[in-house]
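Asker: Residue-level listing of the chains:
There are 2 protein chains.
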Amino acid sequence: VNVAADKLREQIAEILRVWGMPADYVEQTADVMVETDLRGIDSHGVGMIAKYHEWGHMGGIAFDAPITVETDLPAVAVVDGGHGLGHPVGVFAMKLAIEKAAAGGVGLVVAHNSNHYGPAGYYAMMALERNFLGMSMTSAPGAAMVPTFGKEPKLGTNPIALAAPARRNPPFVLDMATTTVAIGKINIARRLGIPLPEGWATDDHGRPLTDPAEAGRLRHLSPLGGTRELGSHKGYGLGAMVEILCSTLSGGAIACVNQRLGRGDARGHVGHFFMAINPAAFRPAGAFEDDLDDLIDTLRATAPADPDQPVLVAGDPQAEAKEMRLREGIPLADALVEEIRETCRSSNARFMLDG
Amino acid sequence: VNVAADKLREQIAEILRVWGMPADYVEQTADVMVETDLRGIDSHGVGMIAKYHEWGHMGGIAFDAPITVETDLPAVAVVDGGHGLGHPVGVFAMKLAIEKAAAGGVGLVVAHNSNHYGPAGYYAMMALERNFLGMSMTSAPGAAMVPTFGKEPKLGTNPIALAAPARRNPPFVLDMATTTVAIGKINIARRLGIPLPEGWATDDHGRPLTDPAEAGRLRHLSPLGGTRELGSHKGYGLGAMVEILCSTLSGGAIACVNQRLGRGDARGHVGHFFMAINPAAFRPAGAFEDDLDDLIDTLRATAPADPDQPVLVAGDPQAEAKEMRLREGIPLADALVEEIRETCRSSNARFMLDG
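Chains Y and C, in that order, give the protein sequences.
Numbering-wise, the first sequence is residues 1 to 355 according to my numbering.
Numbering-wise, the second sequence is residues 1001 to 1355 according to my numbering.
Okay, chain Y solo, but in the shape it has when bound (with noise of 0.2 Å):
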């Protein structure tokens, strides 16, 4: 089923309102996943829907929780998102960031008691509007990505992402989990029956694991670098180098501790970090984005390896996603509509997506 972005818009927002969020959030939170969608980050958008219902009645979602500032300085701030959803609480957070950059040229916010937020990329891409770099991570509320020697869990998928302004080209856009896949390729990898690469998994004893339903099941990631011989401690390192700037930062938990400490669940305490920097402040207005534009050239003039497959830059493939789905709609499976349609059920909230 291919879906306009404007009814899938409402469609979230529906939802999204009987859960008792306050209009403005509605607003931000459907925002963030519809243009989550056109950019063809299926895991992070729409998709998510069902388990932020999970969650809630869990009681690990309030999502019409304020959210206030808790520390704020002129260059640097501490948000509290009283326990809500992450996507208002990254909104708020990454604008407050924004308008430190105006004022003295860089932003830079943590936020915790917060919830999943959707991509990082997008909070990261707020920036755009005023010319501005965004930089966004997050830490996660469960545990994936398994320590370089290690055969048990520690750290989420924890991305990190880059946005940067330039003129003549699109902007450059990094948006990266630290683990070698997300959890969402191996799902694939297992409908189609075809075995994973070493790198992307292990198994209960920390050997690299092939086999698609096993690794699904047991969600035991590679950090990015995928073996110890190919860099796996880089990505290792990067995933707990964005836990301590989410979370040991802002003062949100982290999902191995509280379990080690016996402190609970970790959903409800999630932190993030934001970062805003106007470059013309650090140089004349507009030599920045020149700049991009003369890296981004050179990088795109790469000779291919294949002719037929010319190097990218980071943000490409989510660009040309969100062009064909704003002319062509959004691609839904099937099982995610029964997803939704269910979560509507269940919810007492109108389904919109039939015919």
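All clues given are correct.
Subject to a maximum C-alpha distance of 20 Å in a straight line, what follows is the list of computed DMTMM-like cross-link-like pairs (lysine to aspartate or glutamate): (1) Lys151/Y / Asp1306/C; (2) Lys1051/C / Glu1342/C; (3) Lys1322/C / Glu1010/C; (4) Lys151/Y / Asp1308/C.
In silico negatives: residues of chain Y with every beta carbon more than 10 Å from chain C: (5) Ala5; (6) Lys51; (7) Leu192; (8) Arg217; (9) Arg267; (10) Ala333.
Residues of chain Y clear of chain C, computed beta-carbon distances all greater than 12 Å: (11) Glu129; (12) Asp265; (13) Ala319; (14) Ser347; (15) Asn348; (16) Asp354.
In case anyone wonders, no lab produced these hints; they're calculated from the structure.
We put the beta carbon where it would ideally sit given N, CA and C, even for glycine.
Fit chain C to the given chain Y structure using the hints.
Answerer: Structure of chain C alone, referenced to chain Y:
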């Protein structure tokens, strides 16, 4: 040959002095280089001295250049390294970032017109003296990383470093190139005559290269991830992120851009990124250190795949190397001692490592 740290420091200082470095730069640079060798990062300490000599002769390094602040706002600054060696530039810029973090919670300083500055981790660790978090990244004057889908190098090994203070544990210190391995690891395999794993380097056609001699000659390094299947586009994206934050934000040169646009050598025009964060501006004093201790303890407590190889935390191998080398001296290969001797001879510096 094992050399005591103080003796190596005197030898390096002697050479830098005869190259025309002022006394304060000499002290700072020798400290960075010796600390690097103590921490076992042999590729970035005194092992670079012959290269600095060569680049100095080529006119790429102004050893006595004044370091100036171009732009100075409360939370951000731009430093002009005057085309000098990167070490004093890095120390100067990171000190400025730390002062800004002490005053307002965060300091973000970029530098341009600089050169190779040794290991990114040294500058990040400077923040630890104040119980701050430190970050540093640097671009490079030459290209070594081949972008995903490409067959020619475009970016440097572009490292990322984060240091964060704990209380009862040693600090967390991540310091990693965004390539799978540094060129030094390929040279080690070449000397041993053992094939490289697929994912370290590529050949002239962009295909994985396992011949260590050929890989050492070509210097076509793969981004972290190694292959597209294992996420090399993420390592490539991180390398580009480092380039943007170091060079595009500071007005530094980018080797591949200069080459494409006929702008000449990037040496002397390298850009760096420095950030310091005072956690006490975000949370009650000491809370960050306590929570980082809990995270470090939890990561170390990960059930190991092999009981004889416990799970480590970033910085552990380097801290262990330092302890041993402070006790037993810094091991220098014969070939390196001869390089230092030759550098002394041709610089009219006293050679001090005999006996």
